[in-house]
Amino acid sequence: MTFTRQAASAVSIIVGASAFVACARAAAPASAAPAPMTLPVALVAPPDPRAELRAAIDSMIGAQEFRNMHWGVLVVDALDGDTLYSHNAGKLFMPASNQKILTGATALAQLGPDFRFRTTFAACGQVRRGTLQGDLVVHGRGDPSFSDAMRGDAMIPMREVADSLAAHGIRRIRGSIIAGADAFPDAPHGFGWAWDDFTEPYSAGVDELFFNEGFARIVLTPNPRRTRGAVIATSRPIRTYPRVEARQLTLLSASVDSVERRRARATTVPDTATRGYRLEGAVAVRDSTVLTVAYPEQRAAFLAALREGLAERGVKVEGASVRPRADAPAMAHCVGADTLYTLSSPPLREIMPVFEKPSQNQIGEILLKTLGLEKTGVGSADSGRRVVERQLAAWGATPDGAAVRDGSGLSRHDYVSPETLVRVLGAMRRDTAFRVFYDALPIAGVDGTIANRMRNTPAEGNLRAKTGTIDKARSLSGYVTAADGRPLVFSILSNNFTAPVAAVTRVQDAIGARLAALRVRPTPAATPSPGVPR
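The sequence shown stops at residue 590 when you use the working numbering, and every number in between is there.
Everything labelled a hint here was simulated from the structure, so no lab data went into it. A hint or two may mislead.
Derived lysine-lysine pairs resembling DSS-like cross-links, with alpha carbons at most 30 Å apart [claimed, not checked]:
| hint | residue 1 | residue 2 |
| --- | --- | --- |
| 1 | LYS528 | LYS147 |
| 2 | LYS413 | LYS431 |
| 3 | LYS147 | LYS413 |
| 4 | LYS431 | LYS528 |
Let the hints inform the model, and build the full structure from the sequences given.
What follows is the structure in structure tokens.
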């Protein structure tokens, strides 16, 4: 049998203690009562939980499979500001959707949880005998709530507009529906976004008129009674936009091998000529496929949806086309147009969960531009960036602790340090809007982007954090309550890895679960108790 040096030392202490007790008993008079025995204090000293935490995290992030990557980790006790663990905490990392922490926190601090977006509908012409003798002008400011996610049916607010116009006695519009002021004058996509993702829903552009989170669902349904053009393509929630060409689709017959039917796949190809999509691939008989694609033009999508909503309520638009832009000559005669109706969004407190829990990119971009519009008068990403940077400085973040380039984290030019994220999270704990911010974050094992993570651990239902995922970047930052009730703030950023994403995620989840199980304050040393008298 072999012993480690520590085990041998422990044996020596015990043997020495036993010999000491034996000698004391031999020297004592026979009539004297035995003295109570006390164990040496060194034998019952409690472990240091912080040292154990440091050793555990060091071991996890120092694994061989992560040797070529960068980790940034910071864990702080929110009550006294003590740092429990730090590794590369001042270094810059691509945050991915952890950028939404900066955007959401600044929006709540600068705009307030009761802020509402406004969309105004104005009459460019006189209303006579139920007819608007001119155009209906729509002035938007980026309201993101015209969506299935917020309203259950993105067409509901469009029908509300139609009902309001009818209440003003308008049953017919002689002209067109046109966009008003250009509240967001810069590019619809963020700086540094991947151009080849622009057709994907998560990379949809944004504008002051914005509908259904920027994307459409194209439902493909086979028609087995036809052999050519046998697939019906329907766009939802609006039927008329974008234009979809389905002639390139092949319908697989029922006799085709089941494996081939499972492999059947339809894809969308942008059609620059029509500003729509061409569908290619195959669809199996008795099957249906749903494709999601970004709207080619956000203004055009909004105005097409409004036109359909008006038609559903019996308000006819005679204009030959819906103009996606309001050019200067068309708007010249609309100066001083009469406001017919102003639609207000739900308050920001209700928008925040739809933004943070599913990590909705377009709301992040809208909030960034809205910060610029409301605080500087210019609704651009650059103006919003300056507002965020000023807010970070007010919270005590160092100027070199972040580089803000968009509001969502899709940009590969965003950079932030764990120190900056923890400082923002800590500042929000002291803000009057903290409950709104906290409740909007995903909950481990319960909802949002961490609904399936950290289940059956102390973090389940406890840890609240924002995730982040783009190529070679994985993030998790937020709040967790330790086992002894201490509130902790943490940030875990991971960049430039070749290990599987699942392996990086496992480490982040293991750290989160360990923090939830941690007892920040050491358990007091056990009071030496007297031995049992003979």
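Do the hints match the structure? See the list:
A C-alpha spacing of about 16 Å is found between LYS528 and LYS147, which places the hinted pair at or below 30 Å, so the restraint holds. Restraint check: the Cα-Cα separation between LYS413 and LYS431 comes to about 26 Å, which is no more than 30 Å; the hinted pair holds. At most 30 Å may separate the alpha-carbon atoms for a hinted pair to count; LYS147 and LYS413 meet this at roughly 27 Å. Straight-line distance between C-alpha atoms of LYS431 and LYS528 comes to about 34 Å, which puts the hinted pair past the 30 Å bound.
Checked against the numbered hints given earlier, this structure breaks only hint 4.
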